[in-house]
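Engineer: Order-wise, the sequence lines are chains A and B. If you use my numbering, the first sequence corresponds to residues 411 to 826, in order. If you use my numbering, the second sequence corresponds to residues 785 to 942, in order.
Please note that the accuracy of each hint is not assured.
To be verified - If you only want the chain A side, here are some residues facing chain B, beta carbon under 7 Å, derived:
(1) Asp502
(2) His762
(3) Glu771
(4) Gly778
(5) Thr788
(6) Ala793
It is worth saying that the hints were derived from the structure and are not from the lab. In this text, a Cβ means the ideal position worked out from N, Cα and C, and glycines have one as well.
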Amino acid sequence: MGKRTEQAKPLDAGARLAPRRDFPIFENWPDLIYLDNAATTHKPAAVLSRLDEFYRLTYANVHRGVYRLAEEATAAYEEARRQVAAFIGCEDTGELIFTRGTTEGINLAAGSLDSLVQDGDEILVTALEHHSNLIPWQQLCRRRSLRLRVCPVTPAGELDLAALERMLTPRTRVAAFAMVSNALGTVVPAVKVIAAARQAGAVTVVDAAQAVPCLPVAVGDLGCDFLVFSGHKMLGPMGIGVLYGRREILEKLPPYMTGGEMISRVGWDGAQWAELPQKFEAGTPNAAGAVGLAAAVRYLEEIGMDRIRAHETELGRRARELLGRIPGVRVLGCPAACCGIVSFVVPGIHPHDLAQFLARENIAVRAGRLCAQPLLRTLGVEAVTRVSFYVYNDLAEVEKMAEAVEKGIRFFKAKK
Amino acid sequence: MRSPSEDPYTDAVMRHFRNPRHRRPVPPGEALAEENNPLCGDRIRVTLRLADGVVRGLEYDICGCALSTASASMMSCILNGKTPAEVRRLTALFQRLVAGGEISGKERSELGEVVAFQQIRSYPVRRKCALLPWRALEKALATLDRPAGRGSSKEAGG
Numbered sequence: 411m412g413k414r415t416e417q418a419k420p421l422d423a424g425a426r427l428a429p430r431r432d433f434p435i436f437e438n439w440p441d442l443i444y445l446d447n448a449a450t451t452h453k454p455a456a457v458l459s460r461l462d463e464f465y466r467l468t469y470a471n472v473h474r475g476v477y478r479l480a481e482e483a484t485a486a487y488e489e490a491r492r493q494v495a496a497f498i499g500c501e502d503t504g505e506l507i508f509t510r511g512t513t514e515g516i517n518l519a520a521g522s523l524d525s526l527v528q529d530g531d532e533i534l535v536t537a538l539e540h541h542s543n544l545i546p547w548q549q550l551c552r553r554r555s556l557r558l559r560v561c562p563v564t565p566a567g568e569l570d571l572a573a574l575e576r577m578l579t580p581r582t583r584v585a586a587f588a589m590v591s592n593a594l595g596t597v598v599p600a601v602k603v604i605a606a607a608r609q610a611g612a613v614t615v616v617d618a619a620q621a622v623p624c625l626p627v628a629v630g631d632l633g634c635d636f637l638v639f640s641g642h643k644m645l646g647p648m649g650i651g652v653l654y655g656r657r658e659i660l661e662k663l664p665p666y667m668t669g670g671e672m673i674s675r676v677g678w679d680g681a682q683w684a685e686l687p688q689k690f691e692a693g694t695p696n697a698a699g700a701v702g703l704a705a706a707v708r709y710l711e712e713i714g715m716d717r718i719r720a721h722e723t724e725l726g727r728r729a730r731e732l733l734g735r736i737p738g739v740r741v742l743g744c745p746a747a748c749c750g751i752v753s754f755v756v757p758g759i760h761p762h763d764l765a766q767f768l769a770r771e772n773i774a775v776r777a778g779r780l781c782a783q784p785l786l787r788t789l790g791v792e793a794v795t796r797v798s799f800y801v802y803n804d805l806a807e808v809e810k811m812a813e814a815v816e817k818g819i820r821f822f823k824a825k826k
Numbered sequence: 785m786r787s788p789s790e791d792p793y794t795d796a797v798m799r800h801f802r803n804p805r806h807r808r809p810v811p812p813g814e815a816l817a818e819e820n821n822p823l824c825g826d827r828i829r830v831t832l833r834l835a836d837g838v839v840r841g842l843e844y845d846i847c848g849c850a851l852s853t854a855s856a857s858m859m860s861c862i863l864n865g866k867t868p869a870e871v872r873r874l875t876a877l878f879q880r881l882v883a884g885g886e887i888s889g890k891e892r893s894e895l896g897e898v899v900a901f902q903q904i905r906s907y908p909v910r911r912k913c914a915l916l917p918w919r920a921l922e923k924a925l926a927t928l929d930r931p932a933g934r935g936s937s938k939e940a941g942g
């Protein structure tokens, strides 16, 4: 049998998937090596011009006016909803709620699920969580005397699936987890986790803030009840995000915010809620953001999410390899499935000093606690330096980053 | 783009970072104040005493970056032997310095090496690093102002 240990890689593996010239920011910062994509991503001209076009040509408030301009604005907003829904394999646009971002999506889920929980229930999260998928659940537990349980991670930075099985019990009402860790880049086996949680009777909430930008996500295949993500981490505008929720469960839940546009009939003594998705979109929505996000989705689809995943994996793998070779560097975690997010520490050198040194070399990285204090504490570190990649990065940039890290270590460790 | 002259890691900063003065392990019970930076988890504990109306034994224990460590070291060098009133005035001066405010020639000479931190004005996120030791110091001095701490000091008011 012709055994091959490694899958054949295309010759251009690690080359940019999107040219820098598509991103106007690099015209103003031509030497910048931007490796802070897990924090936010830059915008292609296609997204910026779509925003501009929306404000210039089809701008009015949506779902209100009957004049033609308002009809066009509403049509653009709803077309954006259709495109974004299709991007995550959601066929029913009533299940696609526009939010401000992941944080609002999780708060919406946690706030509305308040009506489904009972005293003594448990909520399960994992040790990989970002603060935004932890604190809303902590608060819900506090309000309703629930128990918050945390599924541990292995030293490799992977979810401990055996522990997960044990911790899912008939009392587990909600299982909420990050599909991709914002600190370690771990890709969690979401299908498995969701199947196990559903079997236990739990409502599943997927924090896909780092997943939707870098891998193909189809809510139908996942089988989750909720999935949330942000536009700005996937080339879209800031202030727009998505909460996908299964119709069956969204119909059972009360609205999270109330006000205009989310009602069907209002009297002095009460109101009836609008149909989905408007029931969860109180007030004037960020229609421009939604239209911009749809443009970002089209840009990503043109590249292909499978290619993006392969690219992220390749850059992440190379970064781990190069950083791991530098004496004194400890790369955090070594998950079998990971994408383009790598965190590391250099004992004796503060992450903010290292990041500042890299900034001097025109390399933008993140340093600090990554809004993941409990996870970092579990791994025995206070703060880290993190590099994260996207479509406009290439292997040469990864190599320059590793060289600069080495140079930085020499600078801070110099005796005099 | 920033010019190299705005680099925060000046020779003076790196010298104090590599050899911090008056730094020693300070157990929590002995510390007069502790401060931390929630952004990165850096911590500092400060201790000092007042003798004959001036600050003595200003020492600290720090787990921090090059900037906060150098800032603590320089702070301890210029403030030991000063009255609480002088300490407060120099602290305000330091805050003005890192915020990018105007500093007179006379004030520059009073601050001495600490002037190296003027570069921080171009790095707003790192201001907190430079200020961390000084915030802890203010807190430590405040504990001495309380009636319980007053007995040890002849010049408690400042």
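Engineer: Compare the structure with each hint and give your call.
Structural biologist: Hints versus structure:
no., hint, result
1, Asp502, "violated, 42 Å"
2, His762, "holds, 5 Å"
3, Glu771, "violated, 12 Å"
4, Gly778, "holds, 5 Å"
5, Thr788, "violated, 14 Å"
6, Ala793, "holds, 5 Å"
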